[in-house]
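Using our numbering, you'd call the opening residue of the sequence shown number 29 and step up by one each time.
Since the hints were derived computationally from the structure, they do not count as laboratory data. Quick caveat, the model's predicted, so the values are computed rather than measured. Treat the hints with caution; some may be incorrect.
Pair ranges (Cβ atoms, derived) [stated by the list, open to error]:
id, residue 1, residue 2, range
1, Glu30, Arg105, 38 to 46 Å
2, Lys65, Val42, 34 to 42 Å
3, Pro101, Gly161, 20 to 28 Å
4, Pro188, Gly112, 30 to 38 Å
5, Pro186, Asp99, 48 to 56 Å
6, Pro186, Glu56, 20 to 28 Å
7, Asp73, Pro165, 28 to 36 Å
For each residue, glycine too, the CB sits at the ideal point set by N, CA and C.
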Amino acid sequence: MEKNAWTRLALAFVLSYATAGIGGALTELGPWYFALKHPSWKPPDAAFGVVWTTLFTLCAVSGWRAWQAADTPALRRRVGGLFGANALLNILWSALYFKLQRPDWALFEVVFLWLSILALIVGLWRLSRVASGLLLPYLLWVGIAAVLNWETVQLNRPFPGLLA
Numbered sequence: 029m030e031k032n033a034w035t036r037l038a039l040a041f042v043l044s045y046a047t048a049g050i051g052g053a054l055t056e057l058g059p060w061y062f063a064l065k066h067p068s069w070k071p072p073d074a075a076f077g078v079v080w081t082t083l084f085t086l087c088a089v090s091g092w093r094a095w096q097a098a099d100t101p102a103l104r105r106r107v108g109g110l111f112g113a114n115a116l117l118n119i120l121w122s123a124l125y126f127k128l129q130r131p132d133w134a135l136f137e138v139v140f141l142w143l144s145i146l147a148l149i150v151g152l153w154r155l156s157r158v159a160s161g162l163l164l165p166y167l168l169w170v171g172i173a174a175v176l177n178w179e180t181v182q183l184n185r186p187f188p189g190l191l192a
């Protein structure tokens, strides 16, 4: 592999893990979170770190593969735009759910997060089927997280504040 490819791979990991780090910093598992009623099937809290680390690793490799396959500036902008929008939506979900303590708002937002992953999968398909396929576990996990989010809202509503 050429030097530029290694540099791009490293950058993909930096950007992916930076997204994870920001989302992680917004995730406060304090008294508020532990006071929530959770569905009986919710995975243990320790599992979330392992799953998300795996998913952000797959995202980094996917982004790198797609960037390598993008042979025009327009295609590279599309790859960057799709991943950038997804990163912002991923961070926003953590901010809404944990920082603002609004799982109800996060439930609305998770629809857009899930759609952004679907847009990545579809948008990368022609560039790299491997890059596209690497995102399928992410789509599945966010789908599961959305159901978990929905059930948590149902068990704990209403949430106080604006638009409760």
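Quick rundown of the hints versus the structure:
1. Remark: the range hint 38 to 46 Å for Glu30 to Arg105 is contradicted by a beta-carbon distance near 22 Å.
2. The hinted window of 34 to 42 Å between Lys65 and Val42 holds, with their beta carbons roughly 38 Å apart.
3. For Pro101 and Gly161, the Cβ-Cβ distance of about 25 Å falls inside the hinted range of 20 to 28 Å, so the restraint holds.
4. For Pro188 and Gly112, the Cβ-Cβ distance of about 33 Å falls inside the hinted range of 30 to 38 Å, so the restraint holds.
5. In this structure the hint that Pro186 and Asp99 lie 48 to 56 Å apart at CB holds, the actual value being about 52 Å.
6. Evaluation of the 20 to 28 Å hint for Pro186 and Glu56 yields a pass: the beta carbon distance comes to about 21 Å.
7. At roughly 20 Å, the beta carbons of Asp73 and Pro165 sit outside the given window of 28 to 36 Å.
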